[in-house]
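Protein chains in written order, with my numbering: chain A, 1 to 339; chain B, 1001 to 1339; chain C, 2001 to 2339; chain D, 3001 to 3339.
Do not rely on the hints blindly, as some may be mistaken.
As the list claims (entries may be wrong) - Under the rule of at most 20 Å between Cα atoms (straight-line distance), these lysine to any residue pairs were calculated in the SDA-like manner:
id, chain 1, residue 1, chain 2, residue 2
1, B, K1157, A, S299
2, D, K3166, D, G3183
3, D, K3166, C, S2299
4, A, K337, B, T1153
5, A, K339, B, T1153
6, D, K3339, C, K2166
7, C, K2166, D, K3166
8, A, K332, B, T1153
The hints are simulated quantities; they were obtained by calculation from the structure and are not laboratory data.
There are 4 protein chains.
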Amino acid sequence: MGKHFLGFALVSTMLSVTTTGFGQSGNVVKYHATMKDVKYVYGVAEPVAHVKSGDILETNSVDAFGNAIQKPGDSLSLVKGDNPLTGPFYVDGAQPGDTVAVKFLDLQVDGDQGVGALVPGFGALNETSYTPMLHTPLPEKIWFYPIDHASNTAIFKALDSNFSVKIPLHPFFGCIGVAPAGGEARSSIVPAEFGGNMDSPEASVGNTLYLPVNVAGALLYMGDGHAAMGDGEVAGTAIEVPLRTRLQISLIKGQKISWPRFENENTLMTVGAYRPLDDALRIAFTELVGWIHNDYGLSDVDTYELLSKVAKIHLNEMVDPNYVVIASIEKKYLPAKKK
Amino acid sequence: MGKHFLGFALVSTMLSVTTTGFGQSGNVVKYHATMKDVKYVYGVAEPVAHVKSGDILETNSVDAFGNAIQKPGDSLSLVKGDNPLTGPFYVDGAQPGDTVAVKFLDLQVDGDQGVGALVPGFGALNETSYTPMLHTPLPEKIWFYPIDHASNTAIFKALDSNFSVKIPLHPFFGCIGVAPAGGEARSSIVPAEFGGNMDSPEASVGNTLYLPVNVAGALLYMGDGHAAMGDGEVAGTAIEVPLRTRLQISLIKGQKISWPRFENENTLMTVGAYRPLDDALRIAFTELVGWIHNDYGLSDVDTYELLSKVAKIHLNEMVDPNYVVIASIEKKYLPAKKK
Amino acid sequence: MGKHFLGFALVSTMLSVTTTGFGQSGNVVKYHATMKDVKYVYGVAEPVAHVKSGDILETNSVDAFGNAIQKPGDSLSLVKGDNPLTGPFYVDGAQPGDTVAVKFLDLQVDGDQGVGALVPGFGALNETSYTPMLHTPLPEKIWFYPIDHASNTAIFKALDSNFSVKIPLHPFFGCIGVAPAGGEARSSIVPAEFGGNMDSPEASVGNTLYLPVNVAGALLYMGDGHAAMGDGEVAGTAIEVPLRTRLQISLIKGQKISWPRFENENTLMTVGAYRPLDDALRIAFTELVGWIHNDYGLSDVDTYELLSKVAKIHLNEMVDPNYVVIASIEKKYLPAKKK
Amino acid sequence: MGKHFLGFALVSTMLSVTTTGFGQSGNVVKYHATMKDVKYVYGVAEPVAHVKSGDILETNSVDAFGNAIQKPGDSLSLVKGDNPLTGPFYVDGAQPGDTVAVKFLDLQVDGDQGVGALVPGFGALNETSYTPMLHTPLPEKIWFYPIDHASNTAIFKALDSNFSVKIPLHPFFGCIGVAPAGGEARSSIVPAEFGGNMDSPEASVGNTLYLPVNVAGALLYMGDGHAAMGDGEVAGTAIEVPLRTRLQISLIKGQKISWPRFENENTLMTVGAYRPLDDALRIAFTELVGWIHNDYGLSDVDTYELLSKVAKIHLNEMVDPNYVVIASIEKKYLPAKKK
């Protein structure tokens, strides 16, 4: 026991120092994304802009359909590619083995409408390309969600009956990640060790996301804005919207993590992304045991036991090529952080 | 589409009527369970008491270890069987095809101490009997949790360091279920269609649990009291305690459900119990689509879409022979219930 | 390491002795099963006959549909219960902790026709009760397979075109098992530690099946005869037939196994039955490592390595409530058996 | 139903024509791979050679460890990267939507020794990076397998006892694949739609492999030679060897497949690669249903039923990031191929 935990201790110390540093103002880097320069893979590509550790990045994203679905009658055949990504942003000085931290300062729906869709071959209760069956697929359907900025809600309107209801907005990036390790390039629909299509509502204001740096400059991408999403994203889409955002980017030198992590003042959150969900959960929890063991000094079995009593699980999505589970613990249940 | 939903409509109407009826006082049936008359399977057995629809049942349960672990030095070898069950209670008039409703009126920890344990061959991050590997198993460990009734907390005390922390109590039955269908009898460690070891914190005050009746009298069992539990119950145990309880039992005649359901004033909750978690989630969500479609009149695809935007998932446990996921929706997102 | 292997050593020695003993002739016990006395669960029930260790049992089974599907136009609605079982047979002297060995001496298709069916909600490429989806189910279909005893074949006749082809017969019991442990009773469609609906073509002439004894008399059941079956039994049925059989039953006292095993002159075979297939495979292989380690004296890591080079996997079925994988090794790759 | 099958019909016709064409001799392209020019991802890279449809390719591969493990005492720390790949080979004229066919004419172990290893964090009975647990990992171990070219065998020698046994050689490429679709680049340890680390013993003499073309030139890679492998490759390695090979490459224009396929005179074989095994199996079988439906004219439900009676499943591996299952049927069970 203890195997998972080598080399974490310094990470946590540095993460702590860096988090404190977020309060300092950095330069503001502005970049406006359009469909002309979106990307469809996380990988090595020409940066659209450079940021320095501490900088504020102001940018935007088109929606998961490349803004192609605008009005009744528009069909998915208009979509050129799923999850067009803004980026990559080159983090100056970032090298493999470092960690990049992204603090979500502001996220706003960039428009007056969101879109939801039933996509044949996609969804937790559909047969899909990776869980294929012999049934006739469920048919394509599209729902439009007017955004009411005043009440901060989106409106669901049933297609088959006369019913509508307001849904509170919780804007977040469905996609945020960096270039993968080992020379891989991964589709914008995939979540994995490099982040990506995690569909984590945790990628939102108030939280900081840590991502492993795998290539020089880290190469940060984001997109797939969601105005709101149910746990599991079971039908395959959230309320898909363009977003405007302000992020603070920080670089943590010489510290390595294996999977993405989120943190805020009160909570530690670890990401597991794989199939089946059983393995996504195992990844998230071994990561959380390792984090606590190294930064807060509990033994691994004490940590395991404590998590069995107070951990929370957030099942983000079960529809993408990998499924995503977040394990978390409130810091109030932990000893003081190690110096 | 629509296949899952035949025959649900009347259930919901009846459930509605019955729920209203819970306010009425019934007779009080009292039964005191001891280790002399616990059971270790959900199945057909001599009833320990009879209850009528509307009756209040006051009873108790021993802990998951049969109260065998009391002090440092006690080992799991003292445990005669896992999850000893109180019951069965015979619900007068219940016949296969009916539904029994259990409203949790009161739950109290019946003692001053809870127990947690690392059980070799059990746990989400252990190799287990159903996910066996070749490693040396993690060793047995036991934690004792003093219960502070005044502050309504239990105290975690680390074994390997000098750390303790208070955990708020949320008492619930890890096990509650009825005799299975088809002449089966199932171990008290199994959750399935008949309920059982669901390890659902939803089995607690404020909620009503619906269970399918499979045999005459339904034959209700309960046990495995938990003072508090983390999502996933990842190390294999909660804070295991004896419980005292007051429940109201109601019978819904001629109405059939396939899987357990929970409900309260604000929320519909459906249970899926299987492996892998992927399938548990699919069960819970198809059940929820069916419930909403039948009782609230949304089409199945509108329901699926809406759930993708506002559903909640509670991953109860990933340690028992079947894993348990609860899918839920707040009623505020639904149309008015059908008459 | 080594944990899985305690207490196996004597088993193997005894198994060896007993296997030798199969050559001796025992008494012949004859029992004719009809639909009047079939059972639908593996559990404790009144024995239909007693057998002594070494006895020959001559008996028969109805088909998986209770012989209810006989001619075009017959539908699954005629079926009273799936997999009606012949038995139970009480093995005199068998006690929990013993092992019962069943040697398949003869198996004959008991009739001139087999049946295959597409059962809504059942099958590896269908949505099912445990992998539910929102699609319209595949419709019920029934195929009849004339048996040609002269050529020892069954004839597949396409429903939607004018094509037929002969399939060689390989008769075996889809169901064979004993009463489960711990007071459980399990449906005749379930395979698990007690055997049951393993759908193993290995349950056929030339092989010996070992089953753990969990209750006094073991209580052996069999049924679900198959004239032939593809790997995976993917559409949910084999060529379903009544069978006549001759079996030799032996009792191995004081020796305990955890999961069913098959053996013949050349091969060791272990059964894993669970979901997902990943876990069924892990069970089968840890069992095989344990068997080899204990009976043939290779270290566990040497065994693991050797299996990675020469093991065979037979994926029996992926359609029942648990999935079944058999791992095997030819004995020619092993050291001499320990005395 | 029928959804999976659009656009297959012409593929099959063309495949048929092309297969016939294999008999014709093409030019011979020779390329000698060394560790200086191996690749570690399937993706777009500078071709090492060009081949025309019909050409014979004579080349070689280093072993999965880059030939770094040569003698007792060598450790995995010497390995620079897993599964170094020979290639890519540019197939002249290949464009996305085409299919490339690789016929295995000759495969020879290129040396006198093979290597097997227990790699911490890798293997079906080990905790791994994607099925992590809290146990102490199994330790690294290495086995050397002398190759006896005269008897066409490799020799397993136990590390912990004095036992050795000969294993017949069956040389094949563990890795063979093309650049993935959608701009992805995938690690040489991954099997997926583009082929890759399928660990399929089917990639051997007598069979033809079909791969989808995703980029101009297809970009064919191969490596990870295996002298012999058990089903499942359960400990994580086969008998790892360098290989020499002769392959015939053919291009099938304008025909598209979704997943790799194998074929020989007698058998149709389809590949499914994903997690869990359940989904790999579903992929392989829906592919096989589609192939038969389109090329042999059976309806999809007749095909499904027939496969349930005569299909074979070969579980190639359960250790890589995706698991691989091959579903197959002997052509003797099929109608005449459609013209």
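Going down the list of hints, with the structure as the test:
1. B:K1157 with A:S299: holds, 12 Å
2. D:K3166 with D:G3183: violated, 44 Å
3. D:K3166 with C:S2299: holds, 18 Å
4. A:K337 with B:T1153: violated, 23 Å
5. A:K339 with B:T1153: violated, 29 Å
6. D:K3339 with C:K2166: Roughly 24 Å between the alpha carbons, so the hint for K3339 of chain D and K2166 of chain C is violated.
7. C:K2166 with D:K3166: violated, 38 Å
8. A:K332 with B:T1153: With a Cα-Cα distance of about 14 Å, the restraint between K332 of chain A and T1153 of chain B holds, given a limit of 20 Å.
Hint violations for this structure: numbers 2, 4, 5, 6 and 7, all remaining hints satisfied.
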